[in-house]
Amino acid sequence: MKFTRRQVIRAAGASALALPGLDTLLWSHAARAAIGDTLTIAYNAAPAGWDPNTGPQTTSPGNQSIYRSIFDPYVIQNTDLTLGPGVCDEFGWNADKSSIRFRLREGVKWQDGKLMTPDDIAWNLDRLTDPNGGGPLQSIFASIKNIRVAGRDITFDVTPWRANMLERMSFLGIYLIPPHYYKEVGKDGFEKKPMGSGPYMFDHYERGSFLRLKAFHDYWGGKPPFETVIFKFVTDASSRVAEIERGTSDITLDIPYEEYDRLKTKPGLAGDCSPISDIAMVFINNEGPFADANVRKAAVFAVDKKTIVERLHRGYAKPIDTLLAPQYGAYDPTITTPYNPQLAAELLAKSGYSREKPIELTFQTTRGYKPKDYETVQAIAEMWRKVGIKANIEVYEIAKHFELRAAHKLAPAAFYNWGNSTADPESSLGSSLVSNSPHSSWKGKDLDERLIPLFQEKDTAKRFEGYKKFDRYVAENAYVLPLFQFYQPVIYKAGLGFKPHTAGYLLPFAMGAKG
Amino acid sequence: MSGSYLAKRLLLTLPTLFGVIVIIFVLLRVVPGDPIAMMVPPEAGPEDVARLRAVYGLDKSMVQQFAIFLGALARGDFGTSISLKQDVFGLVVGRLPATLELALVSIVFSLAAGLALALIATHLRGRWPEWLIDGFNSVALALPEFLWALLLVLALGVLVPLLPISGRFDPAVELPLATQFYLIESLVRGDFSLAAHLLPYLIMPALALSLPLIAVITRVLKSSLQDALAQDYVLFARINGFSAARILVRYALPNALIPAITVAGVHFIFLVGGTVLVELIFSYPGIGNMLYGAAVYRDLPLIQGVTIAFAVLFVLLNLLIDLLYLVINPRVRHS
Chain A
1 MKFTRRQVIR AAGASALALP GLDTLLWSHA ARAAIGDTLT IAYNAAPAGW DPNTGPQTTS
61 PGNQSIYRSI FDPYVIQNTD LTLGPGVCDE FGWNADKSSI RFRLREGVKW QDGKLMTPDD
121 IAWNLDRLTD PNGGGPLQSI FASIKNIRVA GRDITFDVTP WRANMLERMS FLGIYLIPPH
181 YYKEVGKDGF EKKPMGSGPY MFDHYERGSF LRLKAFHDYW GGKPPFETVI FKFVTDASSR
241 VAEIERGTSD ITLDIPYEEY DRLKTKPGLA GDCSPISDIA MVFINNEGPF ADANVRKAAV
301 FAVDKKTIVE RLHRGYAKPI DTLLAPQYGA YDPTITTPYN PQLAAELLAK SGYSREKPIE
361 LTFQTTRGYK PKDYETVQAI AEMWRKVGIK ANIEVYEIAK HFELRAAHKL APAAFYNWGN
421 STADPESSLG SSLVSNSPHS SWKGKDLDER LIPLFQEKDT AKRFEGYKKF DRYVAENAYV
481 LPLFQFYQPV IYKAGLGFKP HTAGYLLPFA MGAKG
Chain B
1 MSGSYLAKRL LLTLPTLFGV IVIIFVLLRV VPGDPIAMMV PPEAGPEDVA RLRAVYGLDK
61 SMVQQFAIFL GALARGDFGT SISLKQDVFG LVVGRLPATL ELALVSIVFS LAAGLALALI
121 ATHLRGRWPE WLIDGFNSVA LALPEFLWAL LLVLALGVLV PLLPISGRFD PAVELPLATQ
181 FYLIESLVRG DFSLAAHLLP YLIMPALALS LPLIAVITRV LKSSLQDALA QDYVLFARIN
241 GFSAARILVR YALPNALIPA ITVAGVHFIF LVGGTVLVEL IFSYPGIGNM LYGAAVYRDL
301 PLIQGVTIAF AVLFVLLNLL IDLLYLVINP RVRHS
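Respectively, the protein sequence lines represent chains A and B.
According to my numbering, the stretch in the first sequence is residues 1 to 515, in order.
According to my numbering, the stretch in the second sequence is residues 1 to 335, in order.
FYI, nobody ran anything at the bench for these hints, they're computed from the structure.
Among the clues, some could well be false.
[What the hints assert, rightly or not] Result set (SDA-like, lysine to any residue): computed pairs, CA atoms no more than 25 Å apart in a straight line: (1) 370(A) with 32(B); (2) 409(A) with 360(A); (3) 193(A) with 175(B); (4) 60(B) with 131(A); (5) 443(A) with 32(B); (6) 214(A) with 36(A); (7) 85(B) with 125(A); (8) 445(A) with 288(A); (9) 214(A) with 105(A); (10) 468(A) with 193(A).
[Unchecked claim] Between beta-carbon pairs, the in silico distance windows are: (11) 173(B) with 78(A): 32 to 38 Å; (12) 104(B) with 146(A): 41 to 47 Å; (13) 32(B) with 143(A): 17 to 23 Å; (14) 143(A) with 53(B): 18 to 24 Å; (15) 61(B) with 146(A): 38 to 44 Å; (16) 200(B) with 161(A): 56 to 62 Å; (17) 75(B) with 214(A): 36 to 42 Å.
[Claimed, not checked] Calculated Cβ distances over 10 Å to all of chain A for the following chain B residues: (18) 68; (19) 77; (20) 165; (21) 185; (22) 245.
Heads up, the beta-carbon is just placed ideally off N, CA and C, and yes, glycines get one too.
Between the sequences and the hints, there should be enough to build the whole structure, so can you do that?
Here it is as structure tokens:
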């Protein structure tokens, strides 16, 4: 008896569809919702290292939920991305915006019980500026100059000026570590047993498998809700689905939308799918077919984002016409580039292109790096084809995207997801379009002339107004094709109190048993 | 088997390994993916990229980088991981035992099941158990290891939750062990309750890896057994009134094992390669899982270290299979 490979794969697929149904018959869901003293998270990323301020893992947003459990940032980022007091209960710019002052909260302790001092904060700030420390964010923190301590106050100058420096003190590579402990155990010792002042203490790390944390009872923010927190590193999405479905994890994230819809209705489970600060976009290159403004604008008007969101993302995304998410300070909802295929065809006709005589270009994308990335690009290519743009899709790995982008060698169109949890326009709109950035694809003198003054503007209201104008200019000239804001699917036991964070964090300290 | 043959084979592994090292080094620098481009923040400028390139030694020419790498390798220094900031050799040695244990359990599963199924299918030739085993073989070979892994997670992890889905042991448990060979050490120490705790974590990944190999061994061994059963010495044994089972196990099997071991050896090497995806699906902390993480961050020293470890493992396995073949096959031994 022989089976063909195709027959076997079909049978496997049919079984996969049938098995979850049988699960309902075999399982009691009664105990699933219960939350005990231990919170187990089926997590999608594992930190590569434990120094939260140096090394490539520093800039990976996926690691921040774990780092924020062990370490404290200088300033807390609230769930809506606004800044709030943390270890430093007062913070802010001085009147002329030349320096930033932090005031250390009374009674903050490191996890070994020693009191945190203002000098500890100063040491940490100084460490951020070390050019040989291997910190990828050193270029930003090099602006920290003349650190001084007076009483509980720590002040430093910001030279050269960086408008988003305060926001930067809450996001990526800004975690406080105890100087006395770091000096005592050294770099290697710290990697083996990191310590901070956060709500949970490092207990055991099985690299590539799990991280176990224990509650820090002297945490300045109060008693942590769970005695033990376990981050299981389950990088495969289907395994995360299995973890939550079986009940061996209490919460998980980043699962396919189809699975989210199925699981959220299961007894004992609940779901949340809220917007996060990740924007799907298409980089447009200034060398090649998109140098023609008609082609660029046509490419933007030809894309029906609403249909893409509804059909491919099951409605779990928000169509957007700017690189700024609604949660960002300079977001302007009146900037729109509505779907208009007729206008797109007319614009292309002006440049001599049509369905019969299309303009041909390469469209690069990852496949599976972000939800439905390849499918989204396929849909766009089809929409473009209908108006006279023939896109040849090229799939590559995300690492190649970064390399090509840094070398200004991206194809005329390249799909990407830009995450910016600082909520400051400089970190997305600014950085993605200023010509001297390794992250920009469109390099334009006109953009630099408008952007560089905004980098220097100290008045926040004026700066945000400037960014709104700049954003409108970008949209009018189609220098980029914004697509939609991602939502993050989270499934958790119904007995767990969960509140979504716009940065996409899962923070154990912010959860707890319901009631 | 002479000592000189062994020495010659061992000596031959050196140029093989050198070739592998050169290929890995060049490939990693030719294939797309720049670790620095991936780590710089949005606000970084070209000067920041250059600074970090210098910090990680990526500003030098490929020849210079290779000379530095080779010099360090000669001193036993595999370099420092960019992402983990730890000695690569230590990291690989720390994670290799998990993969070796998984591979070992997989090969034990494969050999035991393959042998049993081949014997049953041959003994009950033309009857329903043979059809069933043939059917199983077709299914087992048709699906790749990672798909088996996913189906096992669904079947034995969710639907009938018999086995743990992820990890190497329960995160709530403290392991009182000195080495990273958790299962082997617990067995050596006679701590069978700990071994019984650890084994379930190995069953699903080992099964996912071994199912295709079981099918290969069953097919090859069954075919070899049928050839052996057609030989004159088997006919002679039958005339002498030996039972069919005795003839099968005592006379046909030893001769049929030779091609089965050769094929199993080659497939065992593929099995070790298959650990990357299977470890990832089961969050099993071996070097395959680490290789995936290293690839994501384009951690060149770590990718080099893990790939060299895989290469050494493959070369040693090949050597072992050659030697085993020499031991069990008198024609080769005396040639």
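How the hints compare with the structure:
1. 370(A) with 32(B): holds, 19 Å
2. 409(A) with 360(A): holds, 17 Å
3. 193(A) with 175(B): holds, 17 Å
4. 60(B) with 131(A): Between residue 60(B) and residue 131(A) the Cα gap is close to 19 Å, so the pair holds against 25 Å.
5. 443(A) with 32(B): holds, 23 Å
6. 214(A) with 36(A): holds, 14 Å
7. 85(B) with 125(A): holds, 21 Å
8. 445(A) with 288(A): holds, 17 Å
9. 214(A) with 105(A): Since the Cα atoms of residue 214(A) and residue 105(A) sit roughly 23 Å apart, the hinted pair holds (cutoff 25 Å).
10. 468(A) with 193(A): Violated, at roughly 46 Å.
11. 173(B) with 78(A): 32 to 38 Å: Holds, at about 37 Å.
12. 104(B) with 146(A): 41 to 47 Å: Since residue 104(B) and residue 146(A) have Cβ atoms about 60 Å apart, the given range 41 to 47 Å is violated.
13. 32(B) with 143(A): 17 to 23 Å: Given range 17 to 23 Å: violated, Cβ gap about 33 Å.
14. 143(A) with 53(B): 18 to 24 Å: Check passed, 21 Å falls within 18 to 24 Å.
15. 61(B) with 146(A): 38 to 44 Å: Holds: the Cβ-Cβ distance is about 40 Å, inside 38 to 44 Å.
16. 200(B) with 161(A): 56 to 62 Å: Holds, at about 59 Å.
17. 75(B) with 214(A): 36 to 42 Å: holds, 40 Å
18. 68: Non-interface label on residue 68(B) holds, nearest chain A Cβ at 18 Å vs cutoff 10 Å.
19. 77: Non-interface label stands for residue 77(B): nearest chain A Cβ at 15 Å, farther than 10 Å.
20. 165: The claim is violated: residue 165(B) sits with its nearest Cβ about 5 Å from chain A, within 10 Å.
21. 185: About 16 Å separates residue 185(B) from the closest Cβ of chain A, which puts it past 10 Å; holds.
22. 245: holds, 25 Å
The structure does not agree with the numbered hints 10, 12, 13, 20 stated previously, though it agrees with the rest.
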